[in-house]
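Colleague: Please take these sequences and the hints and turn them into a complete structure.
Protein chains: 2
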Amino acid sequence: MGYPGAPELHIDKAIALRNIRAMSARAASAGVSLRPHFKTHHSRAVGEWFRASGVTSITVSSFEMASYFAEAGWTDILVAFTASPGDVEAIRRLSSRVRLGILAERPEAAVCIEGLVDSPVDLWLEIDCGSGRTGIPWNDTEAISSFVRGTSGLHRLGFRGILTHAGDSYSVRGPHEVMEVHKRTLERMAAARGATLSAGAAGCLASCGDTPTCSLADSFPGIDEIRPGNFVFYDLMQVLIGSCRIGDVAARVSCTVAAVYPDRIVVRCGAVHLSKESVVMLGKPTYGLVVRPGALPEGPGTYASLFRLSQEHGVASAPPEFAADLRPGERLEVIPVHSCLTCWQFPVYHCGKAVLPKMRYGE
Amino acid sequence: MGYPGAPELHIDKAIALRNIRAMSARAASAGVSLRPHFKTHHSRAVGEWFRASGVTSITVSSFEMASYFAEAGWTDILVAFTASPGDVEAIRRLSSRVRLGILAERPEAAVCIEGLVDSPVDLWLEIDCGSGRTGIPWNDTEAISSFVRGTSGLHRLGFRGILTHAGDSYSVRGPHEVMEVHKRTLERMAAARGATLSAGAAGCLASCGDTPTCSLADSFPGIDEIRPGNFVFYDLMQVLIGSCRIGDVAARVSCTVAAVYPDRIVVRCGAVHLSKESVVMLGKPTYGLVVRPGALPEGPGTYASLFRLSQEHGVASAPPEFAADLRPGERLEVIPVHSCLTCWQFPVYHCGKAVLPKMRYGE
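Protein chains in written order, with this note's numbering: chain G, 1 to 363; chain S, 1001 to 1363.
The hints are all genuine.
Which chain S residues face chain G? A few, computed with CB under 7 Å, are given here:
{"id": "1", "residue": "T1082"}
{"id": "2", "residue": "G1086"}
{"id": "3", "residue": "E1277"}
Label pairs and their computed distance ranges (CB to CB):
{"id": "4", "chain 1": "G", "residue 1": "P300", "chain 2": "S", "residue 2": "D1140", "range": "27 to 37 Å"}
{"id": "5", "chain 1": "G", "residue 1": "G222", "chain 2": "S", "residue 2": "D1263", "range": "27 to 37 Å"}
{"id": "6", "chain 1": "G", "residue 1": "P300", "chain 2": "S", "residue 2": "L1017", "range": "44 to 54 Å"}
{"id": "7", "chain 1": "S", "residue 1": "P1285", "chain 2": "G", "residue 2": "L282", "range": "15 to 25 Å"}
{"id": "8", "chain 1": "G", "residue 1": "A295", "chain 2": "S", "residue 2": "E1048", "range": "41 to 51 Å"}
{"id": "9", "chain 1": "G", "residue 1": "R92", "chain 2": "S", "residue 2": "R1051", "range": "37 to 47 Å"}
{"id": "10", "chain 1": "G", "residue 1": "R245", "chain 2": "S", "residue 2": "D1263", "range": "33 to 43 Å"}
{"id": "11", "chain 1": "S", "residue 1": "G1299", "chain 2": "G", "residue 2": "G299", "range": "52 to 62 Å"}
{"id": "12", "chain 1": "S", "residue 1": "G1283", "chain 2": "G", "residue 2": "E180", "range": "27 to 37 Å"}
Simulated from the structure, these hints should not be mistaken for laboratory data.
Keep in mind the model is a prediction, meaning the values are calculated, not measured.
Note that beta-carbon positions come from the ideal geometry of N, C-alpha and C, so glycine has one too.
Modeller: See the structure below:
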């Protein structure tokens, strides 16, 4: 933020590259395409690290983000957010220059868009495999069939397949539970794909993607494409889920000590820097772990836990060994709970001596 | 955000002006100065509404924000965040052009700053009256005396008084509990002021400020200045605390319906728009109330409750009467939980047909 003492978002490029290579290798070995979600980093500079690793197709969470990455030279972009009538102009514009994929779950929406675009658009049907956010429930065969039949006569919108986000993998803990979500998701996607084929779909790809299952599963039977995003930076939540180790977290917030007390420390790093995402650790809501620059939280005494955030302040319970020689003004680092949201809060990323550009809505 | 269907932050100017006038009248009637906290709106345009109401001195939460408002013509600015060594250059620059107040609680910090500035700076000692964030505990007479004595010989930094933020008023519910916090804060500030005078302070102003107590108390015995900020827009949290009525909330997020299901609706309005601040309503975490444009949530059937936020999605439980005739793409509004954090997420405010500028870190 260009101000001495102001919090900054630091990316460890070596770790991020290792995470990208590991996920690319995992996808290749499992025989699925990797279409990473770019909402985590939303940075054209970080996007290039993926391109160098052989990635050619990407996922984004809004048409604004699709435009940003189209400008950056990406030519195969899936917008993984239900398309609305207000998006038609963006769909027209983007589909004329890139291979564009959109999400729908109501045939009327697809028919409406068909009438207003000139170029081909890939149409994906969103399936809800149990996460309860968006999509047609996986076992609602009637609605799935109705979508396939209702869109089969379209010319510019071509039915490409089904897509799901197993968001329920974020609320489980440990590889065993993640793999249960994975197994269930595969079964449900197979059933939904069966319903599309029975309804007359000529073909139906299957796309799934969330960082926990994609980080832990070795195979994706019946799946053609995976779309994880968070893995590029990982975060504390993913460590607790079991998707990665703490040493795999590539994003940290650098900040300064404001005050030191016998029972706690206060850092200039609040909700406007970290977001208010929390996880429960040792029974308490935790907004991030505070460590010395470059250090890992390895055992008691090596970190402080942020238990309260206000707009600009973070308050952390700090064991005496950690706080003993801390001085106001000293730099510390916060390992964030949810890197997608924390990264969103910053205007740029710092990476060694480089400053990396990123998008912000409204710019 | 300049994109059809994208969430926008809307301000109802008439309500905001009414809130400003009510707080100004309350301060005048109680015989205290009003130094409103501008971190809630952080907008030079909204700042002018305060100026028109007679406000001449303001509070901000960072030196970056102080610079922004100094550029906008404000000449009496208190930075209510513990000053750090890294802030010295900003203190030098700002104190040469405005009346600048800074916060400290260690005499060494004040002495260090004294040696590096050329212009007068108002020095405020932060007192912790029980909120447990920053400041010297109100009953630590020794530390208070030591601060007063340790800074009494300074020439450019002039001890101005004591300051507190009764952050504990945010965790109570109802006017009775808020007034208990208020009474306790007044008693503790009186004790702390006594300690400064006993230690030889020539004079000692007392500054306090949080929206709940300032909205509900009629008198502030022993207090010279109040610094509430949130009241300009209020929010759902303040309604639940009892600081205001729902009709006093001046900030709303306009967004579109993404999907409608039998048990819920999904809006394009997620954590990057609202922040992940939540309150507990009917036993459940709630991230905002969804209403029709301009409507108030008055009884069952008139609103939906956001119970889950992901990066761009908001999921709300919606009663059938509310969801019955909703269509994807339709505009709705979200009454935010915490307007300070929600406003922070947006690049500009919409106010009728006007677009109001606001600050963002890094710009």
